[in-house]
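Trainee: Residue strings, one per chain:
Protein chains: 2
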Amino acid sequence: MEPLRLIIRLPSWCEQEERVGTVYPTALDRMRLVVELAARNVEEGSGGPFGAAIFGASSGRLLSVGVNSVVRLNNAMLHAETVTLMRASARLERFSLAPADGGNGGELVELYTSCEPCAMCLGAILWSGVRRVVFAARRDDAERLGFDEGPVFPETFAYLRRRGIRVESGPLRDDARKLMERYRAVGGAIYNG
Amino acid sequence: MEPLRLIIRLPSWCEQEERVGTVYPTALDRMRLVVELAARNVEEGSGGPFGAAIFGASSGRLLSVGVNSVVRLNNAMLHAETVTLMRASARLERFSLAPADGGNGGELVELYTSCEPCAMCLGAILWSGVRRVVFAARRDDAERLGFDEGPVFPETFAYLRRRGIRVESGPLRDDARKLMERYRAVGGAIYNG
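Protein chains in written order, with the numbering used here: chain A, 1 to 193; chain B, 1 to 193.
If you're looking for bench data, these hints aren't it; they were derived computationally from the structure.
Quick caveat, the model's predicted, so the values are computed rather than measured.
Among these hints, one or two may not hold up.
Claimed, not checked - Not everything, but these chain B residues come out facing chain A in the computed CB check (under 8 Å):
| # | residue |
| --- | --- |
| 1 | L4 |
| 2 | V70 |
| 3 | L85 |
| 4 | M86 |
| 5 | A119 |
| 6 | G123 |
| 7 | G150 |
| 8 | P151 |
| 9 | E155 |
| 10 | L160 |
By construction, the Cβ of each residue, glycine as well, lies at the ideal position given by its N, Cα and C atoms.
Bound-form chain A, shown alone:
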């Protein structure tokens, strides 16, 4: 049997938006990028209404981006968050992005995402060495659209906090929510039924 080729690629429009090293100084700049990625993913028909990116926490330098790629790549694990996490690790050639592990040249990194992460992504974040996550739309915004967030409980966040991981609400919630509604309006697949 032919060896299976399992390649994780961004949509071609999105490769061009991954301007590694570009500085996004403020929380609003960082969130605007990921909400725009999510919006573009809907417009281009390349996936669900979700975008994410990883930045140096103090420098604001972009390390990687991700967009939801579940349907495009036939892979239920390819949420925006997991895509950007895998790309950051591949770029740095390190499985951990934590400064203590050498991660991003010693700088803490932050993950921005257009929507609160699901159970799988929170687990991936824990293993990734990322210590701060900022989201726009909230869990109940996604659930209202029909997306399931999986087994996430108040204890989940307590557990992550004990591991030094903060998961916080940030700017642009309304923008992120509206584009999820737009996704539904254009008949986008709600794949986690």
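Mind docking chain B on chain A? Use the hints.
Mentor: Chain B in isolation, oriented as in the chain A frame:
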């Protein structure tokens, strides 16, 4: 900037063990395969002491295998379970393995794993369409070795059960536990600290 190549490959010894379509009739046959994969991963130095595979539930036909590849591929998400899930989906060209979604030619699939899945993998299983998971070593066996299993609670399993997913203890717990101890004895990296 050069486009990033993110390719998820099995170790070469493992490609040869992925005998797609071979029938593993009993629970013991299926578990023996994944425990052997885990043992071989340790012996070959290609990763942590964890193996997994996906089978047709009634036919016992092998669909895909996976071994822990976190360190080898610099990717914290590549647990044995996520690797075999991604390979099964890539092979079937479907993001869901559930029969209702067309999955594995209408047949239910089962995931066998040498160790109880972590929080991330339980999330990935939920999204994958797999409805039954059977594990050998238990959560506390892994934790005793220093591996963290992440935010998994009794409510997590209740949640999965409501979605029709059973996560069950199976045969060969002692074998799977012993090879985790062997991994520690040969100085294997305990990477989720």
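Trainee: Against each hint, give a clear statement of whether it holds in the structure.
Mentor: Results of checking the hints against the structure:
no.: 1; hint: L4; result: holds (6 Å)
no.: 2; hint: V70; result: holds (5 Å)
no.: 3; hint: L85; result: holds (7 Å)
no.: 4; hint: M86; result: holds (6 Å)
no.: 5; hint: A119; result: holds (4 Å)
no.: 6; hint: G123; result: holds (3 Å)
no.: 7; hint: G150; result: holds (5 Å)
no.: 8; hint: P151; result: holds (4 Å)
no.: 9; hint: E155; result: holds (6 Å)
no.: 10; hint: L160; result: holds (7 Å)
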